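Novice: Those protein sequence lines, which keep their order, are chains U and E. Note that the working numbering has the first sequence beginning at 26, numbered continuously upward. Note that the working numbering has the second sequence beginning at 14, numbered continuously upward.
A portion of the hints provided could be inaccurate.
As the list claims (entries may be wrong) - Only pairs whose alpha carbons sit at most 30 Å apart, straight line, appear in this in silico DSS-like list of lysine-lysine:
(1) 97(E) x 128(E)
(2) 73(U) x 171(E)
(3) 37(E) x 73(U)
(4) 62(E) x 171(E)
(5) 160(E) x 171(E)
(6) 160(E) x 73(U)
(7) 77(U) x 160(E)
(8) 171(E) x 77(U)
Claimed, not checked - To give an idea of the chain E side of the interface with chain U (calculated C-beta under 8 Å), a few residues:
(9) 89
(10) 91
(11) 136
(12) 141
(13) 154
(14) 158
(15) 160
(16) 167
(17) 176
(18) 189
(19) 193
No wet-lab data here; the hints were simulated from the structure. These numbers were taken from a predicted model, which means no experiment stands behind them. The C-beta atom is built at its ideal place from N, Cα and C for all residues, glycine as well.
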Amino acid sequence: MKKLVLVVFTAFLLGACGEKPQTSGGSNRDAPPYMGTGVAAFTVPGWKAGDKTGWELALRARTQHGQNEFNRGN
Amino acid sequence: MARMKFICDSQRCIECNGCVTACKNENEVPWGVNRRRVVTLNDGVPGEKSISVACMHCSDAPCMAVCPVQCFYRTDEGVVLHDKDVCIGCGYCSYACPFGAPQFPSQGTFGVRGKMDKCTFCAGGPEANGSEAEFEKYGRNRLAEGKLPICAEMCSTKALLAGDGDVLADILRTRVAQRGTGAEVWGWGTAYGTKAGGKDAGGKS
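Between the sequences and the hints, there should be enough to build the whole structure, so can you do that?
Specialist: In structure tokens form, the structure reads like this:
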């Protein structure tokens, strides 16, 4: 019994030596945007979630046709 | 892979503050925090210019360099985002940023500084794309919906452009060629270096 108490007490004391890792390696656990939001109502039509090429084309189209009036007017 | 950037064409900005309003509305930004604002250069002097300023998502972001808890990260598209669960609100990023982008909501007793808030390029944060938690902390994730930031899409004169840096440079180059003036791109050199994506934007910082 005395031995058991000693073992438990020693384990309790040694527990203080343990330490949780405190290093911070940045927080990039973000999913890539081409994976979509899962909300079809707000998603631009023409590409499916996970389609990287389609997503890039959708953004390029918005950049060129939405912001470059020389493509529209001239 | 596209490298997301902002350009503000000072020849076109009419200081309407539509970008500021659109940003605040889309992301439900709290009182006292302006992720984007319009600044007038040489105010009152003939030839004054206005520009729309927010986080430029720098290539070599100084906020990332000085953050003591490394709450910043960069996405594959070059968007600089941060994790509010990690941020301790120390304000170092605010001193390091050349654009004054980091904002701190004054809340709680003694005006204690809250978690840093800044423009996310409408790309949300580390939470699941389009989730309620992401919206609460960072606002809408328009990029994951296949859209560009609301400030640029709402700009009535298309002074503020957002998207792939190469495409933006081409658009501006066409404009400058057409009008024969206004090649200055404010903040471009500071944010992305003198050579932008291997191409000379032809502007000064």
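Novice: Each of the hints needs a verdict: does it hold here or not?
Specialist: The hints, checked one at a time:
1. 97(E) x 128(E): Holds, at roughly 6 Å.
2. 73(U) x 171(E): 28 Å, holds
3. 37(E) x 73(U): 29 Å, holds
4. 62(E) x 171(E): 15 Å, holds
5. 160(E) x 171(E): 16 Å, holds
6. 160(E) x 73(U): 14 Å, holds
7. 77(U) x 160(E): At roughly 14 Å apart (the allowed maximum being 30 Å), residue 160(E) and residue 77(U) satisfy the hint.
8. 171(E) x 77(U): Distance ~27 Å between residue 171(E) and residue 77(U) Cα, so the pair holds.
9. 89: 6 Å, holds
10. 91: Violated. Min distance 12 Å.
11. 136: 6 Å, holds
12. 141: With a minimum Cβ separation of about 7 Å from chain U (threshold 8 Å), the hint on residue 141(E) holds.
13. 154: Holds: closest Cβ of chain U sits about 6 Å from residue 154(E), inside 8 Å.
14. 158: 5 Å, holds
15. 160: 6 Å, holds
16. 167: Residue 167(E) check fails; min Cβ-Cβ to chain U is 11 Å, beyond 8 Å.
17. 176: 4 Å, holds
18. 189: Violated, about 12 Å.
19. 193: Violated, about 15 Å.
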